[in-house]
Amino acid sequence: MTGGRPRVVLVDDHRLFRAGVRSELGDRVEVLGEAGDVAEAVEVITASGPDVVILDVHLPSGGGQAVVEEVKRTDPSVRFLALSVSDAPEDVIAVIRAGARGYVTKNIAGDELVEAVQRVAGGDAVFSPRLAGFVLDAFAALPDEAPPVDPELDQLSAREREVLRLIARGYTYKEVARELSISAKTVESHVSAVLRKLQLSTRYQLSRWAAERRLI
Amino acid sequence: MVGGVAAGLAERLGLDPTVVRAAFVVTALASGFGLAAYVVGWLALPVAAGDERPAGASIIGRARSDTQGLALVVGLVPVLVLLLLGASVLRTPWLGSVAWPLLISAAGLILVWRNGTDADRAPIRQLGAPLARFGTGPHGTWRRAVLRAAVGVVLGTAGVSLIAGGQERAVVRPIGGVALVLGAIVVVFGPWWANLARELAQERRARTRAEERAELASRVHDSVLQTLALVQRHADDPQRVRSLARAQERELRAWLFEGRAPGDFDADVATLGDALRQVQSEVEAAHGARVELVVVGDAVLDERVGALVAAAREATVNAAKWSGAPVVSVYAEAEPEQVSVFVRDRGKGFDRQAVAAHRKGLAESIEGRMARAGGRARVASSPGSGTEVELAVPVARPAGHRRREGRA
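As you go down the protein sequences, you meet chains B and X in turn.
Letter by letter, the first sequence follows residues 1 to 216 in the working numbering.
Letter by letter, the second sequence follows residues 1001 to 1408 in the working numbering.
Because the hints were derived from the structure by calculation, they are not lab data.
Hints are all accurate, no fakes.
Just some of the chain B residues that point at chain X, by a computed CB distance under 8 Å:
no. : residue
1   : 107
2   : 129
3   : 130
4   : 133
5   : 136
6   : 137
7   : 140
8   : 168
9   : 169
10  : 170
Backbone N, C-alpha and C fix where the C-beta goes; we use that ideal spot for every residue, glycine too.
Start from the sequences, fold in the hints, and give me the full structure.
Right, dumping it as C-alpha cells:
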C-alpha cells in the first residue's frame, strides 16, 4: 500500500454488482479498474498493479481461482480478497488455497468491506464468520481417520480453534481479543497462521471434504 | 430401577442398563450382596447431568458431614455382631451370610434417606408404604390383611425351615424353600405393589400431559403471540398488518386441520443445517433483519435437535424483533458429544430483571424447551452491549442408553 488509500481492482461478472461495490467503497479506496471475466481480469491486474483485488469466487471460464493462479505467476505481491454469495465451501477453499488472503460474503456492509480491504492491503488475513466455519469443518477430526501426515500443518491448535469459533459466532477481531484476554495483534497472528495452514496443508479433506460431510 | 443406579452405571460402562439390572437382581437373590452394592452405588454415584440437581453431586459428599447419620450407622454394628452370634449359636450359616449385605444395605438406606433429595426419598417411601400402611384402612381390608399376613407367615416359616432344615432331599429342599418364601412375600405385599405400580403409571401420565401442555404453550407463543406482538408494532401500517394476519391464519389452519404445527419443518428438512437454513429464511422474511448463518458439521434432526432448533428460532426472532441490530449471527456446531447453537446480536441488549415475568419467550420457549430436551440454555446480555444466547443438547445415544430416567 502506497500511503493512504489502498488501490483496488474489482473483478465480478455482474456489472451492476461492480457499480454497487464501487459506490459503497466511495473515495475510501482508489479503484484502478474493473473486469468481468478471467482473461480481462488478468490483463487489468497485471497492467495496473493494484494493492488489492476484490475477486468474485464465481467467474465464467475458470472462476476466481484461475485469476489468482495466473496473476501470482507473474506478480506474487498482488493480494486478493475473495467475495461471493455462494455457499459452496469447496469453491471458497479453492480460491483461498490458490492464494487469496480473505473471504467475505456479498451482503457485507460498506464499512466492513473497506476495513477488510485495508486489512488485506496491510498483509493480514480476513476471515468472515462463514470462512471460519468452513475452515473448522475442513480441519475437523474425523473419528476413523489416519493420523495427520504433518501435524504442524494438518491440525489447528486449541487456541486457533477457539479464535475461529468466536469469529464464526460473529465476533470481530477486537471482540475476540477481549473475550480471550489477548491482544488484537495476537488474534491476527492466529488467523494468519490458520490461513497458512489452509494454503499449505495437503490434508486429504481440503480437496475432498465436501464429499464427506460429517453427520452425527 | 429405584435409584437409577443401574442406568447410571450402564452409561458409565457403555453397557445396556437391562444387563446391569439383571446382574444386580441375580447377585441380590444369590447372596444379598447385589442389594448392598446397589444401595452403596446409590450413595456414591454422581447424579447425571441434565437431572434437576447440580451435576457431579453425590449423596456421599453430604453424608460425610452428617454425624448423626454416621452415629446411627455405627449403631448397627452391635446388631450385626448379635446376628452373627445368633447364627453361630443356632447353627444357621445362611443367617450369617445374609447379615452382612442386609446391614450394609440398611446403613446405606439410612444415609440415603437422611442426605438424599426428595427425589431419592420417594422410592424408599413408596417401597416402605406397604409396611407403614399394613392394617390400616376400612374393616374389610383389615380382615383380609390379617388373613394375608397369616398365610404369609405360614408360607414363610415353611420356606425358611425347608431352607434351614434337615439334610435329607438335598436338591429339592432349597428350591422349594425359596419358592415358598417368594410366595409368602407375594401374598403379603402383592396387592400394595400392584397399587403402587398403578399410581406410578398415573403419575407418569400426568407428567406427560403437563409436558404436552408446556410444549403447546411454547408453540402458541412462537406463532400466535409473536404475530400479535408484530401486529401491535405495525398498527399504523394496514398493508403489513393484513399480510401478517393472513400468514397467521394460514399457519393456524394448517395446524388445526392438517396437523402441521407451527415451527414444524418442511418434509425434506432432515438435518440441523437444513432446519436452521429454513429458520434463517423465515426470520429474514418476517422481521427484515439479516441472519448470518454458519453451520459446522451437521446432525440428524431428531427430537432433541428439533427442540434445539425451535429454541434457536425463538432466540433469533427475539434478536431480530427487539435488539434493533441489523444483523443476527447464528452459529451451530455439531460435535461428537453435543450439538450447540449460538445466537448473537450487537443490539441494545436487555436486563433480565427488567423483563416482565409474563413474557414467556425466554423462560418458556427457550429455557423451558431446552430443559425438557435435556439440554441447557445460557443468556448473556446487558443493556447496550447486545445479547448472546448459547444453546446445547447432548447427542442422543442409541436406545437403551438414556440417563437416569424411568425410575420405576
